[in-house]
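Asker: Produce the entire structure from the sequences given, and follow the hints as far as they go.
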Amino acid sequence: MTKKYDVYGIGNALVDMEFEVLDAFFTKNKIDKGLMTLVDEELQNDLMNALGTEVLKQQCGGSAANTIIAVSQFGGKSFYSCKVGDDKFGDFYYQDLKESGVDSNLQNQKRTTGTTGKCLVLITPDAERTMNTFLGITSTLGKTEVDEAAILGSNYMYMEGYLVASASGKEAAVHARQIAERGGVKTALTFSDVNMVKFFKDGLLEMIGEQVDLLFCNESEALTFVGTTNLLTAREELKKFAKTFVVTRGENGAMIYDGTTFIDIEPYKVKAVDSNGAGDMYAGAFMYAISHGHTYASAGKLASLSASRIVSQFGPRLKWHEAQDIKNQVFGSRG
Numbered sequence: 041m042t043k044k045y046d047v048y049g050i051g052n053a054l055v056d057m058e059f060e061v062l063d064a065f066f067t068k069n070k071i072d073k074g075l076m077t078l079v080d081e082e083l084q085n086d087l088m089n090a091l092g093t094e095v096l097k098q099q100c101g102g103s104a105a106n107t108i109i110a111v112s113q114f115g116g117k118s119f120y121s122c123k124v125g126d127d128k129f130g131d132f133y134y135q136d137l138k139e140s141g142v143d144s145n146l147q148n149q150k151r152t153t154g155t156t157g158k159c160l161v162l163i164t165p166d167a168e169r170t171m172n173t174f175l176g177i178t179s180t181l182g183k184t185e186v187d188e189a190a191i192l193g194s195n196y197m198y199m200e201g202y203l204v205a206s207a208s209g210k211e212a213a214v215h216a217r218q219i220a221e222r223g224g225v226k227t228a229l230t231f232s233d234v235n236m237v238k239f240f241k242d243g244l245l246e247m248i249g250e251q252v253d254l255l256f257c258n259e260s261e262a263l264t265f266v267g268t269t270n271l272l273t274a275r276e277e278l279k280k281f282a283k284t285f286v287v288t289r290g291e292n293g294a295m296i297y298d299g300t301t302f303i304d305i306e307p308y309k310v311k312a313v314d315s316n317g318a319g320d321m322y323a324g325a326f327m328y329a330i331s332h333g334h335t336y337a338s339a340g341k342l343a344s345l346s347a348s349r350i351v352s353q354f355g356p357r358l359k360w361h362e363a364q365d366i367k368n369q370v371f372g373s374r375g
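For the sequence shown, this note's numbering begins at 41 and goes up steadily by one.
Any given hint could be a false lead.
[What the hints assert, rightly or not] Across the chosen pairs, the derived CB separations fall in these ranges:
1) K44 x L83: 49 to 55 Å
2) V310 x E277: 29 to 35 Å
3) D365 x T77: 32 to 38 Å
4) G182 x G74: 48 to 54 Å
5) K280 x A90: 43 to 49 Å
6) T335 x K150: 41 to 47 Å
7) A189 x A337: 31 to 37 Å
No lab work stands behind these hints, which were simulated from the structure alone. This structure is a prediction, so every number in the text was calculated from the model and none was measured. The beta-carbon is built from N, C-alpha and C at its ideal position, and this holds for glycine as well.
Answerer: In structure tokens, the structure reads:
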């Protein structure tokens, strides 16, 4: 039976605001470079005032949102469960999601009074991304935002690891996974950030349950999760938690386990200017491909090429025509 959606996603709703900075900005403002740090609203406002520069780009985001939008850009059908406030940023978020061709719970649910979450993405000349996030109302995302019918009408149910940092968010993710498992819908998870693995491993294990069908992580996250410095050891251990998985390795490409065989995906060499959203794009392209009948190896090629395009530009999203060009380059008219 054909499902209405290729991928259902649940995650934080954040308006992404990108800025270019130099390393001195981190020292001056006591910011840990290269990490995602949760901050309160006052500190985020102080940082915005300290930046004093124009926003490079503003888009609806959050890790899983970027992935779900990518699925849509390649021609898939997707749904996103999230929570925004009834402010101007919430209005912007809903409209941007809608214009990206993504259905969501926001279409039918009355929005709660509150502040929509924002993520300041600080980009340095070495293409490193540093994120300072005020979750706002998305920190209260819970079971209410989970859409059971949309999950059951999907091929995959995808969770972002960032939800583990919020008790209600983790509960919502576990609830969504349980609905998917009961309904025979495949489950997918991204670890999102090495800090989620380092500080919230027990919560991630709750989100995983017995085993997810598909796991996305980078090499650092994989090694930290397993507690080893050896990638060969890590990949064997990951089989206990995921039936299939992808370990992205930056300039070294990616390693995929399709349930039977390990597949190495060669990287596409590019000049990196902004790594923001590369992992999200990888997951979106990959899930689009495997939900449209392509092999894991082919999905890896599409995902790798797509992610390479993301790191060679500013912003976590491709233009629509770029996504179609990439798909045609990898799959031809079969896409």
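Asker: The structure should be examined with respect to each hint, and the outcome stated for every one.
Answerer: Right, here's what the structure says about each hint:
no., hint, result
1, K44 x L83: 49 to 55 Å, "41 Å, violated"
2, V310 x E277: 29 to 35 Å, "31 Å, holds"
3, D365 x T77: 32 to 38 Å, "35 Å, holds"
4, G182 x G74: 48 to 54 Å, "31 Å, violated"
5, K280 x A90: 43 to 49 Å, "45 Å, holds"
6, T335 x K150: 41 to 47 Å, "43 Å, holds"
7, A189 x A337: 31 to 37 Å, "34 Å, holds"
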